[in-house]
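There are 2 protein chains.
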Amino acid sequence: MECPIARSLEEVGEWWSILILRDAFHGLTRFDEFQKSLGVAPNMLARRLVALVDSGLLVRRRYSARPPRDDYRLTAKGKDFLPVMLSLLAWGNRHLSGPTGAAVLVKDRETGAVVDPLVVDAKTMKPLSARAVRLAAGPGAGPEIRHRVAQIDRAARKPRPAADSRP
Amino acid sequence: MECPIARSLEEVGEWWSILILRDAFHGLTRFDEFQKSLGVAPNMLARRLVALVDSGLLVRRRYSARPPRDDYRLTAKGKDFLPVMLSLLAWGNRHLSGPTGAAVLVKDRETGAVVDPLVVDAKTMKPLSARAVRLAAGPGAGPEIRHRVAQIDRAARKPRPAADSRP
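Chain order of the listed sequences is A and B.
FYI, the numbering for the first sequence is -16 to 150, going by this note's numbering.
FYI, the numbering for the second sequence is -16 to 150, going by this note's numbering.
Extracted from the complex, chain A is given alone in its bound form (with noise of 0.2 angstroms):
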């Protein structure tokens, strides 16, 4: 699959991967500690951790040499991984949250203000919505893209119902 979107799901594995990373991000880096947080099977979570180092979203370390022991630890590009996570927890946050509020905020960790997490573009600062932009093709674009981009300026010159009406 050439689709950015795509590959990065095909990358990260599957939802247990998801939150694997969650864990890492919150310090978690044992065997242990994984498994106590996710109480998930064992050799699933060996089965997942393998494909996350795999990946080069984590790295093995051994961190005892008796007993042998190794932790977990995220890259670089694990930790790049961050900006899905916080929109993930923002979106949920925002309309999966009980009566008494969201379960669990994000904070500065200099000065624990509570972060409220936004998609902007780098360079204008703006915030990005639906409306705001489309997507193109690229550089790296092959026949897939090529092909799905024109199906996309087909179906947007359709002719629409007025937009947002909810059930």
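Because the hints were derived from the structure by calculation, they are not lab data.
These figures come from a predicted structure and were not determined experimentally.
Hints are not guaranteed to be accurate.
Identical chains blur together in the list; that is why a pair holds if it fits in one copy or across any two.
To be verified - Simulated pairs of lysine-lysine, DSS-like, Cα-Cα distance not exceeding 27 angstroms:
1) 19 / 90
2) 60 / 19
3) 90 / 60
4) 19 / 62
5) 106 / 19
6) 106 / 90
7) 109 / 19
8) 109 / 60
9) 62 / 90
10) 90 / 109
11) 62 / 106
12) 109 / 62
With chain A's structure known, arrange chain B on it following the hints.
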């Protein structure tokens, strides 16, 4: 599951659903358009569309009475998922592009300028990195989250080798 990241993943359903949302952002609305784009079995696509409607991310609308035909459009909750997609896209472009560069670009609809998605704090506009933020229990946190936060606090007090080493 209490965690808003886990809940978000649960709500969206599975990998395939994110690709359907991607195509909906692209402007696709009709069953056959999604099918052509995704190359997925019709019964699987139908199931995922029903799930996305049930979760309130898409709304199903009759656009033709004779023959009866429905299409699928993003709700406000669905449109609000865009930052997750843009973060996945930016990560994929950065870490998974081939030698010819990004396959898909995000462009400003008005100016056509290429946009570089960045997650910042909505108040201070400061970029949010793993070094800059931490997660904390919110007002809606129950025992599961409070337990995890306590576990994180314990983990944070562990002695740590130097960070950022890569394999």
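Violations among the numbered hints, reported as their numbers in ascending order: Per hint list: 5 and 7 violated.
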